[in-house]
Structures are given as structure tokens and as C-alpha cells.
Amino acid sequence: MFQRVNDGLDRALGVVRVGSLWLARAGGVLILLTVAMVTVEVLSRRLTGRSAVHATELTGYIMAISSSWAFAYTLMQKAHIRIDALYVNLPIRLRGVLDLVALLAMALFCILVVGAAFDISASSYAGGARANTPLGTPVWIPQALWLLGLAWFALAVGLVLLRVLFALLNGDTGRVQQLAGSPTLDEQLEENKEYAS
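Reminder that position 27 of the sequence shown reads as 30 in my numbering, one-by-one numbering, no gaps.
Keep in mind that the hints are not guaranteed to be accurate.
To be verified - Here are the computed distance ranges between Cβ atoms for each label pair:
#, residue 1, residue 2, range
1, LEU107, GLY174, 13 to 21 Å
2, LEU192, ASP10, 25 to 33 Å
3, ARG48, LEU93, 34 to 42 Å
4, GLY11, GLY139, 41 to 49 Å
5, ASN92, GLY139, 19 to 27 Å
6, LEU89, ARG48, 47 to 55 Å
7, PHE121, ASP189, 38 to 46 Å
Source of the hints: derived by calculation from the structure; they are not laboratory data. C-beta: ideal position from N, C-alpha, C; glycine also.
Construct the complete structure from the given sequences, taking the supplied hints into account.
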């Protein structure tokens with residue numbers, strides 16, 4: 004019944020999965036840049052008594068941006084922290100319903116966060132807000148990059164939510180588990196074996 008919709012959602016999820024991987028990698032590069040900046044900052048202060056870069060300000064921006072860029076990848080890998088002592092002992096259909104409820108809650112959270120981040124970025128841009136630092140960074144730039152990661156995460160949550168909903172309606176509990184279910188210990192061990200080989 005939902006086959007055409009499911010196929011379209013699966014293709015969209017494939018694109019989101021690849022995009023999320025690249026955003027997470029870019030965030031990792033930003034973190035490495037942070038390490039380099041802090042190293043230069045420490046050496047500069049030690050050797051010359053002055054700051055060569057404004058690492059404190061820039062690393063704050065980078066941490067927010069790189070974190071938001073990794074959220075969707077974490078979702079796609081089912082790597083968010085879960086307390087699932089009871090969950091893994093429930094029937095698989097009930098677990099699917101709980102996964103759907105969790106995704107709904109996450110989607111509502113995304114709506115609130117993305118809305119607030121958009122308002123902050125738009126108001127910073129409209130007001131020409133600059134950081135009260137020696138760099139005087141136009142704060143809408145890091146805020147927009149932060150918003151990009153949050154919006155991508157919201158898109159990923161929305162697509163996974165729809166796919167899980169349609170899988171539940173089709174009675175495809177295996178697909179629900181694959182997309183949103185908490186991995187069992189056996190699945191985690193199997194995944195680690197694949198990475199080790």
C-alpha cells in the first residue's frame with residue numbers, strides 16, 4: 004500500500020545518510036582546526052606573551068557548529084544515548100511504537116530548537132550584531148552555520164519518523180528496528196566484528 008512512498012523515503016534517507024556523514028566529517032575537521040588554534044594560542048602566549056589568534060572566541064563557535072553538524076549522523080547511526088534496560092525485553096511491536104513516540108518527541112524538540120535558532124540568526128543578521136570581542140565577528144555567520152546543522156538534523160528526524168510510521172502501518176517491525184530501534188548487544192557485537200575485519 005505504501006510501497007511507492009516507502010521507496011521515496013528510503014531514497015531520501017540514503018541522501019540524508021550520505022550528507023550527514025559529510026557534515027560530521029566537516030565537523031571533525033573543524034575540531035582539528037580548534038586543536039591547531041589552541042596550540043598556536045598557547046605557544047604564542049608562552050613565547051611572546053601575546054595572543055596570535057583569538058582561539059577562545061573561535062573555538063566556542065566551532066564547538067557549537069561541529070556539534071550541530073554531527074546530530075543527524077548520530078541519529079542515522081542510532082548512536083544517541085538510550086536507557087533501554089526495559090525496552091529490549093518488550094515485544095518488538097511495542098518497541099516500534101515506543102521508537103515512534105521517541106521520534107515524535109525529538110521532532111517536536113527540533114521544531115522548537117530550529118525555530119529559536121532561526122529567530123536568533125535572523126535577528127542578529129537584521130541588527131548587524133557583532134561579537135563584543137577584538138575580532139568583532141558578525142555573529143550571524145556562526146549562528147547560520149549552527150542553524151544549518153540543526154535544520155539538517157530536523158530533516159533527518161522528520162524523514163526517519165515518516166519512514167518508521169509507514170513501516171509500523173505496514174507491520175514491518177524489522178524495518179522499524181533497523182531504522183530506529185535500540186540495537187541489541189548481539190547486533191552491536193556483530194557490527195564491531197564487521198568494523199574489525
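Hints, one by one, checked against the model:
Taking the beta carbon of each, LEU107 and GLY174 are about 19 Å apart, inside 13 to 21 Å as hinted. Roughly 31 Å separates the CB atoms of LEU192 and ASP10, a value that falls within the hinted 25 to 33 Å. The supplied range of 34 to 42 Å is broken by ARG48 and LEU93, whose beta-carbon atoms lie about 55 Å from each other. The hinted range of 41 to 49 Å is satisfied by GLY11 and GLY139, whose Cβ atoms lie roughly 46 Å apart.
Between ASN92 and GLY139 the beta carbons are some 56 Å apart, a value that contradicts the proposed interval 19 to 27 Å. At roughly 51 Å, the beta-carbon separation of LEU89 and ARG48 lies within the given 47 to 55 Å, and the hint holds. Take PHE121 and ASP189: their Cβ atoms lie about 42 Å apart, and the range 38 to 46 Å holds.
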